[in-house]
Amino acid sequence: MKKIIYSINHFFQKLSRILTQNKILYIEGHTIKMFNRNISPRLFKILFTLFITLLIYFFLFIFGTASLFFVLRRSIYIIVPLILVAFGGLYSERSGIVNIALEGMMVFGAFIGIMFMVKFQDSSLNNQIVYLIGILLAGIAGMLFSLIHAFASINMKANQIISGTALNLLAPAFALFVIKLMYGGEDILFRDDYFVRDMGFLTKIPVLGPILFEKGYYSTFYTIVIIIIAGIFLYKTRIGLRLRACGEHPHAADAAGIKVSKMRYLGVMISGLLAGIGGLLLVVPLDVAYRATASGYGFLALAVLISGQWKPTRIVVVAIFFGFMLNLSGAYLSIGFLRDAGLPDKVYSMIPFILTLIVLAFTSKTSQAPRAAGEPYDPGKR
Amino acid sequence: MMKKLISILKNFILNIPNTLIKPFTKIGFLASLFAIISGILVGFLIMLVVNTPYAGGGLMTIFFGGFNKGLTSIGDVLIYAAPLLLAGLSVGFAFKTGLFNIGVSGQMAFGAFLAIFVGVKWTFLGDFHWIVAVLAAIIGGALWGLIPGLLKALFNVHEVVSTIMMNWIGVYGAFVAYKAAGLVGSTTQNAQKVARSGALPAWGLDSIFNSNTINNGIILAIIAAILIHIILNKTTFGFELKAVGLNKDSAKYAGINSKRNIILSMVIAGALSGLAAATLYLNVTGETYKIETYPIEQGFEGIAVALLAYSGPLPIIASSIFFAWLKVGGDQLSGWGYDPNIIGVIISAIVYFSALGFIFKKVVKKIFKKHFGGEII
Amino acid sequence: MEYIIEMLNITKKFPGIIANDNITLQLRKGEILALLGENGAGKSTLMSVLFGLYQAEEGIIKVNGKEVKIENAKDANNLSIGMVHQHFKLVHNFTVAENIILGMEDTKYGFVKLDDAINRIIELSERYKLKIDPYAKIENITVGMQQRVEILKMLYRHAEILIFDEPTAVLTPQEIGELIKIMKNLIKEGKSIILITHKLNEIKAVADRCSVLRKGKYIGTVDVKDTSPEQLAEMMVGRKVNFVIEKPELVLGEKILEVKNLTVLGAHSHKPQVKNISFNVRQGEILCIAGIEGNGQTALVEAITGLTTIHEGQILLKGDDITLNSIRNKTLGGIGHIPEDRHKHGLILDYTLAENLILQSYFNPEFQKHGFLKFDAIDNHGRKLIEQFDIRSGQGVKTPARSMSGGNQQKAIVAREFDRNPELMIAVTPTRGLDAGAIEYIHKQLIALRNQGKAVLLISLELDEVLNVSDRIMVIYEGELVAEVDPKTTTENELGLYMSGSKRGVLS
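As they're listed, the protein sequences go chains A, B and C.
Take 4 as the starting number for the first sequence in my numbering and just add one per residue.
Take 48 as the starting number for the second sequence in my numbering and just add one per residue.
Take 10 as the starting number for the third sequence in my numbering and just add one per residue.
Next comes chain A alone, as it looks inside the complex (with noise of 0.2 Å):
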């Protein structure tokens, strides 16, 4: 036994070896350069986290994947869509609002996306364009459903996370009950014509082309290019600095001439919108029909945000693990040993929720939460 675990040290500092004396990968003081350039440890850490991703799944591969590319794919429709609802949630409480009506938000974007997009699915226009209106109008129902938790939240000052759940209660009953109105069935059926088989040139990039480019949908690239907007307007912005102030201290942001509940509201709006198309996003890669349920992912963004500390790089750390996670469920038949291993399927569907318990209950200790956040703005008290 020690001498395996003396190779493996042994081995390892070869490597550190080999990659510091060559400047490929190295530590310099305080900063980490790679090729001999900096790089900023934010970036550091994301890639970082993908490629321990990519070793785990490469063993798997070893164990007997046929399709380790499938896997790939459809890991990505998973972390993809989380990161950009829990970003939702970023905004909603950086700007001091609590939202646990992520789920709500998501089932109800989802639902208007899916109607447009069955009803125009047979139509002339191109699939993909349908497909894009259909995440538009996702995003602005999300965004206008996320009103009514705004407008208790701010206006009304109630308790936030009643409201939360009250529009959580709200969305799949009002869906469930249009769904029997116009279609007669508990669920919409769609037909999935946006699935890319080969997006041209891109899939001639070794490795990473056949992964991204071939048989996904573009939707996966709208989404990666919203959420590093979503992340740059929260910290690089005049709008984002002052959101950021209203979750702190709302009062040190009124003094300075901010309008106070504006900020909340269009923090409130955001994560609607995101979580809007999050919820369509879900829906369309992974399953044949709408069923006016987000099977827990909204809260599981929520953990993602919490445990991520309310900070976007970390909340894409996360999110990557516990995506992976959750792909296991839809994946494991793909994986030779643990389809061979024979546990009932659903053991896979508890894991993330199992899981995330265990990463929370390391990561709630130091809660460093938007210190306003919950509490309604009172300009009276001092």
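There may be inaccurate statements among the hints.
[What the hints assert, rightly or not] Listed next, with one range per pair, are the computed distances between beta-carbon atoms:
#1 Thr235/B with Leu289/A: 19 to 29 Å
#2 Gly275/C with Leu57/A: 34 to 44 Å
#3 Gly446/C with Leu52/B: 42 to 52 Å
#4 Lys117/C with Ile132/A: 26 to 36 Å
Keep in mind the hints are simulated off the structure, nothing from the lab.
Even glycine gets a Cβ: it sits at the ideal position worked out from N, Cα and C.
Since chain A is already given, all that's left is putting chains B and C on it; use the hints.
Chains B and C in isolation, oriented as in the chain A frame:
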């Protein structure tokens, strides 16, 4: 000891008229009324938009559906009310101690599993069969509530997220558990029904209400409500729990062990959810446990019940009967061309408007002061 | 003489109270006008009206002779009025620069551009001698520096009229001296200042004139150089104020509290807040630990009472080691605790007065049997204490604590703790935020305890209280005890030097 019990009972009975009338004069009741009316209005508006000519009929059904078949319908209301009452107690009790228990569904799920297990398999218990089944349900719910309680007390994990995680673990776990224990029923989406001896006895209610699906669940639920009321308002334990819920720091200063109280609170809330599962599933001719990918809906309806009653144990009795009433009416809505899901919309609207109750109270107090000069509590 | 600001006949009401009743305030250009009054006199409210945070029901405001409407902070800023708040309005995890520019950011296509702003900040900080680091995060800088950031916020917005709200509450005497220099500098640069305070010696040191408020009403305005502190105090309080309290001779008994080599770490930072402190308190004496807020007093008291964990050291009560005891056990062992924050620790605001009065004793056989509360006994106990301690409340024992005034809330806490007859009473800033009458009352109670032979550990920031009430004074600075002095022989100045770490004394 006996004398003490008699005097407590006497006090309680003498207080009943007061407790029943007082709510109608308090502003909290008015706020609840406002929430109810607003919620139903929302449902009515939707019914109007969707199927205009029948909206009035639909509304009538909702209001009077509970009388439709006379006593039997009232019996149906009580059958629906029992689990709602207990679910509401679970949410309300936790709320009074500062915790949001959104995990009633999961607690019910695990309680149901243990109850059905005992109810199907332990027929050797004879007369005690149903009692043990009820206890199993209570223990199951308590255990499922213990975990979020521990996570919060020891690791500061927010109970909203953890209880919902437990809900989903319960949902998927049910698939695995029922299959492994051999308790799957005639179709894969249902569990088996329990044996006659494991089901809750009717205690005469079946002849009173002319129903062969009613059982003593509602009586058990009301007893539980009274017990919770006593615990919260008359004991040192309740004093400590409320203190922790109102101000954790002052409670700590006063030497109260908030960790212990948080854990106990979640365990009791879980136990109540477990009892709810017992009233719902320990029967031969009533509701069957559905093995599906949705959490048990009574869990979320319990939130509405508790919020409408502002978490008071005795008002919860009233609000659970009210929601049960809505449900019975809702069952009959399909006759008018509406999907019963409209009730779900109404319920969520009521929850929403009860959250607005805070401002409602402020506005009403102001108006009262202006026009009547005095104070309204 | 031109008035740059005039507030004429201002009346501002809140539910149940008239905070400002027909007040007139006039500020001359280039002067420092002190606004003097006790806590609750209405000073902060009046200035909040001037700064646009509140709107007055009656009265007008004139700037440079022209009548204006100030409806929010932006209006005030546009009129060159700026305010340095008592509780800083700074975002803790933003940098100094971000806090200063908040609301006035330079942008390019919506992105925040800091370069010009930082240059301007550095220029301002050098001109007014306000040393700060623009890139530091607020949570990492000292309180004195944070205050300088607040001042720079105003100067960045070209404020000409500066309002300082109780600026010296959190500063050492030396930092106060620096602030006075800064204020005089600002005047030289042509600014005008309103200084809200209740500290008479500061008014004498820096103000030209002083306007006095009492219980919401305007009393008058005087020239500071012609008025003595006694006269100012009389205007503020309305009667002759006795600064010294009568105390019988000291009769010392056994050591009740012994603290040995106590070290306590901060909850978040893991830096030692209390470093190897040792001291004791005897029966029959009032030991006061004096110091500026934030030097370890909070951690010290929390360690002794059990609210926080001890890293190293021992605590002995009547000779017994109670270091690891639970809070409940310590309380039962004979410790009374009047906490620093009456809302956070001392009371449960949504409980009634009667319930709060048994908060520490609800488990006694007097108030419960077999776990069931005895409501009659609880109410009787409440009524007894209300009478004994003269606690004013709207509905007697059934009053929700939330609706009681600050002074009466504090009286309730005092009543509860005194009623338990503790051997050791720990009182942390027990008179903070109270009016003179309540302060006098609590001091009397503490001295009465001491006369009965109990031990009192008093933590205080107010030098008057420290010097008048205690029998022995120790000074805490950055977690260490740096001096032990006799109140009869020491001076405010000497205490100030110890409190600011400029001098270290000898401990017995």
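Are Gly446/C and Leu52/B spaced within 42 to 52 Å by their CB atoms? 50 Å, holds
Evaluate the given range 19 to 29 Å for the C-beta pair formed by Thr235/B and Leu289/A. 23 Å, holds
Lys117/C versus Ile132/A beta-carbon gap, inside 26 to 36 Å or not: 34 Å, holds
Cβ distance range 34 to 44 Å for Gly275/C and Leu57/A, holds or violated: Holds, at about 41 Å.
When held up to the earlier numbered hints, the structure conflicts with none and fits them all.
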